[in-house]
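Please arrange chain C on chain P, whose structure you already have, making use of the hints.
Protein chains: 2
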Amino acid sequence: MSTINEAVNIRKITPVPLKRVSIDGGFWLQRQETNRNITLQIQYEQCLLTGRLNAWKLDWKQGDANQPHRFWDSDIAKWIEAAAYSLTTHPDDELERQVDDAIDLIAAAQQEDGYLNIFYTVVEPHNRWKDLKDGHELYCAGHLMEAAVAYFEATGKRLLLDVMCRYADYIDMVFGPGEGQIRGYDGHPEIELALVKLYRTTGEQRYLELCQFFVDERGQQPHFFDQEAASRGKQPSRTGYAPYDHYQAHLPIREQRTVEGHSVRAVYLYSGVADLAAEIKDASLYEACEQLWNHMVEKRMYITGGIGSTDHYERFTYDYDLPNDTAYAETCASIGLIFWAHRMALQSGDSRYMDELEHTLYNGTISGVSQNGSRFFYANHLEVLPAAHHFNTLKFNKTAVAEQRQEWFGCSCCPPNIARLIASLGQYMYAEGNDEAIIHLYGESHASLNIGSQHVELQQQTNYPWDETVSIQVSPERAAEFSISLRLPGWCRKVQVKINDQSIDCIPLMHKGYIRLTRTWSPDDRIELILQMPVEAVEAHPEVRANAGRIALQRGPIVYCLEETDNSTNLRDMTVSLDEMPQARHEASLLSGITILEGTASRSTLQNWEGKLYRRAVAAQDDEAKELVTFRAVPYYAWGNRAPGEMLVWVGKK
Amino acid sequence: MSTINEAVNIRKITPVPLKRVSIDGGFWLQRQETNRNITLQIQYEQCLLTGRLNAWKLDWKQGDANQPHRFWDSDIAKWIEAAAYSLTTHPDDELERQVDDAIDLIAAAQQEDGYLNIFYTVVEPHNRWKDLKDGHELYCAGHLMEAAVAYFEATGKRLLLDVMCRYADYIDMVFGPGEGQIRGYDGHPEIELALVKLYRTTGEQRYLELCQFFVDERGQQPHFFDQEAASRGKQPSRTGYAPYDHYQAHLPIREQRTVEGHSVRAVYLYSGVADLAAEIKDASLYEACEQLWNHMVEKRMYITGGIGSTDHYERFTYDYDLPNDTAYAETCASIGLIFWAHRMALQSGDSRYMDELEHTLYNGTISGVSQNGSRFFYANHLEVLPAAHHFNTLKFNKTAVAEQRQEWFGCSCCPPNIARLIASLGQYMYAEGNDEAIIHLYGESHASLNIGSQHVELQQQTNYPWDETVSIQVSPERAAEFSISLRLPGWCRKVQVKINDQSIDCIPLMHKGYIRLTRTWSPDDRIELILQMPVEAVEAHPEVRANAGRIALQRGPIVYCLEETDNSTNLRDMTVSLDEMPQARHEASLLSGITILEGTASRSTLQNWEGKLYRRAVAAQDDEAKELVTFRAVPYYAWGNRAPGEMLVWVGKK
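Going down the list, the protein sequences come from chains P and C.
Count along the first sequence starting at 1, add 78, and that's the number in the numbering used here.
Count along the second sequence starting at 1, add 78, and that's the number in the numbering used here.
Everything labelled a hint here was simulated from the structure, so no lab data went into it.
Built from N, CA and C at the ideal position, the CB exists for glycine as well.
Hints are not guaranteed to be accurate.
Stated by the list, open to error - Stretches of chain C that chain P covers, calculated by requiring three or more beta carbons in the stretch to come under 8 Å of a beta carbon on chain P:
| id | region |
| --- | --- |
| 1 | 594-601 |
| 2 | 615-623 |
| 3 | 652-660 |
| 4 | 683-689 |
One chain only, chain P, in its complex shape (with noise of 0.2 Å):
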């Protein structure tokens, strides 16, 4: 168990912001480009198309088309922030453009005392406040101060900034434990993570106790929901369909263990409750946070980095439940896994974290938008048979569980929020501290650090995550001491670093997963780092029902699957053997490049089946029963990109 000390300490590690980073190529480059040039611009007219955007002129009326939902803000705010990001480092006069007009019909729509949200302006005006637990109001203003937060660090433009001040002072007013406030809190937290954002850009140390305000009453007793129930004349509703744990609101946080309920509540909360912890230096709080997540990757994560096992209520629902086909593994709840698993390893400084934030990046994030970035996945199942999904999709009558990516969706929170993840991608690679440059994440890319009171280069030079080989040219202003920092990935199991073509032995360099590579640091030092990535196959927990007697094809941080479109149907009937490993191979014109794996598996033939549907089965059997064949898996964040089809990425093993 860490303590908030050894967090406060590392603390002083912060990650090297956005625009002193730059995505030269490969993987990442090619992804934000599709992001600003396709999905950006696809989600603006989207906005506009279903009325989100003009809803903030506020003459939406009773009876006319498009009501307002009660998070449409949201979806604004968060195509805001990731315009934001872009514009950091790809500056677009007509995208900047975009955002200053948006901006502008956010700003009219202040209301006189501050307060700011469509649905609560003009289709419930009544109900202000009043339902807090399903209302989201509290969560708009969240994405809305994040949006804000990022435009003003992009371009240095001050005007939703200071409305999202101004609305945080008359939230400030409004909720409290004073006479008159409402003691009470959002049932979708997501403003505590913001109010710290806007406290550290601000310096108003009344943001950051307003977000200890609702963090610490969260779960309290006499609850509040139940109190905010009574108050509109309505029973608490404390079990049952939606118990208070759906709202992470079951326990006090400092109480809480297990991660329950809405699994994009509880990352989002969480997240907030770290940024929370490091900023007051609260050590129950980073020690609920630690364990929480302790609990989460340890019985309630999809190999892909997904989280949410089902559709109902979009939640966790019990230890090693991680069924493949009715995954729910919502794109935001990995997103919020991400920003989660950032704060944590800024604060332990320990590999694990950006582990889980590197897997869950490269396979259950990214897999939620499409190769040409046009189409979304809400839910990112493991395995997919399209009978299934069609008559899923009969029987629940929702696209957000469909089998192939949409272009949009009535509760369209998914493809706003993987945009701004691509585009704000530079600032989770890099950190700096007063003697140690680290580097978390590998890719092709420059950054500008400061180290102490002296500025240092880091150039990678990388096909990650294809190649093993990370190639970084180190330039300070001058020669000087300090550390590099880099992460050696959990799923890497054989290093070699050389330092100027010498090769360092690592082992005693080791620190909580990291190479610390402490010297005199001359410009032009070269550090080569080789990341074996043989193809492995991956095995579950024996008591995740859905995995047994299956294992996953992963290389790197890779996690791999098949699709029909390669193998025929039926993949769930193919074997693989531990003894034969399939081989890697770069397609370079394939989906944008990308290494796929092939092999032999075995699988049944339809021999002597023909009318049955049950037979004995004998040992002997099983050789004329089945034959070899050659399969290729692609990597899980790509697929669903060409013809549609089953799908799988837990195959049996033989």
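Chain C only, in chain P's frame:
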């Protein structure tokens, strides 16, 4: 493909009626006694308690408690039918008095014009015959007709039979192709098979013709359900939530080739269609039945004889979709499958229908009632993990999918259905023809058959299904030549037959799955049949995703399962080798006497898994990660009668 001519020839074989069959001991006597002493009484009390019985007084008024449901009538009807079968073989004054009292109430509830239905008399009288699609009026009528016939056959009492003939006459007036008649049919088939029973008992040709009308109209265009919806000012609902295949009304019956929609509706319908085909000698109807049957048993039936793979509309889904934990496999559906199988068996003379009947009977049907006769499954899962079911109960909020048997259900179709099946079991065992006696099912019993002009007693002495040996005493009035056809069960790979201790070569005697023993039979002739019953592993078709890499254990007609109470938790992780089949052992004191299986399985140790959800899988690691354990399997039908916990039918194949 059989032709109807062939079928019609064989139709001269008729089942030996219940009153000429006596179950003297063994497996079924025990169940019939429990059914008579416990189940029937409990159901009577539930009908009293829930208001079902007194609802016939028609004194319910808007605002009263216990609003009658649209198909309450059928619950009482099935209870009367069950009681009638029981009274046929076991006279019981008290039970007969209860039935007579109920019938008095029902008779008094009949309206002037002959109409008879609780809901549409007291709750929605204005909607009589207005919602055939979902109203269940003719469905309820059908069950009351079945009850009337059964009670008349049992006791000779005509009151209910007369009431139902009057109702049938009224229905015959209301429905038809003529002017002013409703050219439609019920959304829930049942009246079709009931009208054939009524016709066979009364000889009234109009009842058969009405059945034919309902069968011929079903699924024709323009669609009756569209017209009905239009006449109520509603939009037709051909597609979406409950398309017409739910009602088997998507196509005319003669054009249906795949079993679709609500599984109970399907098997009730096709039972009636098979009856009609036989009565009117319609080859196209018979062929449709045959193809629908083949589709069901080859693509959409659980190994337990369960049908209907999902709680969503209790329906068939798509080919090879047979999930175990979310199996619906409603008890009523397996019972309906037995009805259909019996009709197909009698018409085709082919043992494969009785094979499925027997298999369904011993597995997915009697699993629906507890050992003590007082608790019931609605859905019969093939795999249970209590945590998952706890969560599903939260999600679906219904007891139909519960993981433990329940005392009763809001929609309580299954309990009285299993009661009538068990009480009527004798009628499935024997059949008779001009020159042939047929034994369809084995079990301690004796029967009086009419073979041509001669009276023949057959007596089975056996501990079937636990023992392999069936001893049959043949007692014709006098020596005479005729055939005795013994079904060779499909599960049996090795059989020995002796007549008066002399071995017989069966192979030349096989006829459509029956061993036809033709000779001059004399009083005191004795047949000994030894049906070898090794423990066998069964595998499912490779396209059954849920069972990939898994086997089920079976001995004779009994499918086995593993329970937590015998084998600890995480059953899905266990693997069994085909080279080491478990041993059978009879346990006279366990669950009223069952044969259990005991063997060796391999299961994961949890060594080196601390803090991990995923890890690298390597071949060499396999052995140390596994340990050998002894396991015990019990008959599937008997599960859930001891400590609650996990249950699994399909175990991993090592």
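How the hints compare with the structure:
Only when three residues or more bring their CB closer than 8 Å to a CB of chain P does the claim for the region 594-601 of chain C stand; here the count is 0, and the claim is violated. Judged by the Cβ-Cβ criterion of 8 Å, the region 615-623 of chain C is covered by chain P as claimed, because 9 of its residues qualify and three suffice. Look at the region 652-660 of chain C against chain P: 4 of its residues bring a Cβ nearer than 8 Å to a Cβ of that chain, three or more, so the hint holds. Coverage of the region 683-689 of chain C by chain P holds in this model, with 3 residues showing a Cβ closer than 8 Å to a Cβ of that chain against a need of three.
When held up to the earlier numbered hints, the structure conflicts with hint 1 and nothing else.
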